[in-house]
Amino acid sequence: MTVYFFIMLAVLAVGSALAMIINKNVVNSALFLVLNMVSLAGIFLLLNAQFLAIIQILVYAGAIMVLFLFVIMLLNVQDEEKLFDKFRFKYLLAFVLAIGVAGQIIYSLAGVTEMLPAISENMATVGTVEAVGDVLFTDYLLPFELTAILLTAAVVGALMIAQHKIKRTEEI
Amino acid sequence: MVGIDWFLGLSAILFTVGLVGVLIRRNAIVIFMCVELMLNAVNLSLISFASHHGNIDGQILVFFALAVAAAEAVVGLAIIIAIFRNNLSVDVTKINLLRW
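The listed protein sequences correspond, in order, to chains Z and H. Just so we're aligned, residue 2 is where the first sequence starts under my numbering, counting upward by one. Just so we're aligned, residue 928 is where the second sequence starts under my numbering, counting upward by one.
The hints are simulated quantities; they were obtained by calculation from the structure and are not laboratory data. Here the structure is a predicted model, which is why all the values come from computation and not from measurement. Beta carbons are placed, not taken as given, at the ideal position from N, Cα and C, and that holds for glycine. Take the hints with a grain of salt, since some may be wrong.
So the derived list for chain H, only partly shown, Cβ under 7 Å to chain Z, looks like this [what the hints assert, rightly or not]:
{"hint": "1", "residue": "L935"}
{"hint": "2", "residue": "A939"}
{"hint": "3", "residue": "I940"}
{"hint": "4", "residue": "T943"}
{"hint": "5", "residue": "V944"}
{"hint": "6", "residue": "V947"}
{"hint": "7", "residue": "V962"}
{"hint": "8", "residue": "L964"}
{"hint": "9", "residue": "M965"}
{"hint": "10", "residue": "L973"}
{"hint": "11", "residue": "I987"}
{"hint": "12", "residue": "A998"}
{"hint": "13", "residue": "L1004"}
{"hint": "14", "residue": "A1005"}
{"hint": "15", "residue": "I1006"}
Dumping the calculated PhoX-like pairs for lysine-lysine here, alpha-carbon to alpha-carbon at most 25 Å [to be verified]:
{"hint": "16", "chain 1": "Z", "residue 1": "K91", "chain 2": "Z", "residue 2": "K25"}
{"hint": "17", "chain 1": "H", "residue 1": "K1021", "chain 2": "Z", "residue 2": "K91"}
{"hint": "18", "chain 1": "H", "residue 1": "K1021", "chain 2": "Z", "residue 2": "K25"}
Sequences are here, hints too, so could you generate the full structure?
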């Protein structure tokens, strides 16, 4: 049963990722990325990481992708008309490079696959909100607070970068 | 039960798809979304290792990676808005002020 779920979610994730990169319309690309995030959250559930599956949907598919869609619609981006209309040397180079990278990763995976650990039995209690929160607020308290400072700095920096230059009325 | 190598293989494939997207697309927003896809692929491999060791530290690392990815998305989109305001395009082939 788990195998069928994994195959379905994996096909969905890879298919939506491919559809994202070959789609000419930017809004469609963003929506395919949302589909990819949701199927990845399902795969996290298969790995017994329940807290991170919910966080994946809330933060990625919710917050970050809404931000992307806002920016796309704010900027009124045109479609890429010239994507794949004629053969370019750049595309060939990109695909050769990607096949090289994928082959390298999968070759190194195939070399160590018998050394990899078996599935742990106590995973059912590890990925819950209770277990994650227990560790997060004791052992990892300092990085957690630093994350809060980082997010505040990011918001302030983004406002500084993106705001209009305020001109005084007497200069105009 | 699905073995760990299937999850790692899926992670590798997603990372490669994101890499192809970064290389062939010209829209800065789509390139940015492909970078998010690559981040997600690495998160998947971290979670699969953490699950198969029965250890929670990998999941905590993924949590912090998510927070940093959110901060990075905010700042990156602000930079894209600033670039669009200057030269009315997010095509990376037309942004060549710093190109040698």
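Handout entry: Hinted contact V944 of chain H with chain Z - closest CB pair below 7 Å
Key = Holds. Min distance 4 Å.
Exercise for the section: Double-check A1005 of chain H for me: the hint is only fine if its C-beta lies closer than 7 Å to a C-beta in chain Z. Expected result: holds, 4 Å
Problem - Agreement of K1021 of chain H and K91 of chain Z with the hint, judged by alpha carbon distance not exceeding 25 Å - result: Answer holds: K1021 of chain H to K91 of chain Z is near 16 Å, not above 25 Å.
Practice task
With chain Z as the partner, please determine if T943 of chain H meets the hint condition of a C-beta pair closer than 7 Å.
Solution key: Result: holds, 4 Å to nearest chain Z Cβ.
Problem - Proposed interface contact between I1006 of chain H and chain Z, which counts if any beta carbon pair is under 7 Å - result: holds, 6 Å
Practice task
Verify the interface restraint on L935 of chain H: the C-beta must sit less than 7 Å from at least one C-beta of chain Z.
Solution key: holds, 5 Å
Practice task
With a cut-off of 7 Å on the beta carbons, see whether I940 of chain H makes it to chain Z.
Solution key: Check passed: Cβ of I940 of chain H comes within 6 Å of chain Z, closer than 7 Å.
Exercise for the section: So, M965 of chain H near chain Z? Judge it on the closest CB pair being under 7 Å. Expected result: violated, 10 Å
Handout entry: Interface hint outcome for V962 of chain H [beta carbon to chain Z under 7 Å]
Key = It is violated, given that the least Cβ distance between V962 of chain H and chain Z is near 11 Å, above 7 Å.
Practice task
Would you check whether L1004 of chain H satisfies its interface hint, that is, whether its CB is within less than 7 Å of any CB in chain Z?
Solution key: Cβ of L1004 of chain H sits 5 Å from chain Z, so the hint holds.
Handout entry: chain Z contact restraint on L973 of chain H - CB to CB distance below 7 Å
Key = violated, 10 Å
Exercise for the section: For the pair we were handed, K91 of chain Z and K25 of chain Z, check the Cα-Cα distance against 25 Å. Expected result: holds, 17 Å
Taken one by one, the earlier hints fail for this structure at numbers 7, 9 and 10, listed in ascending order.
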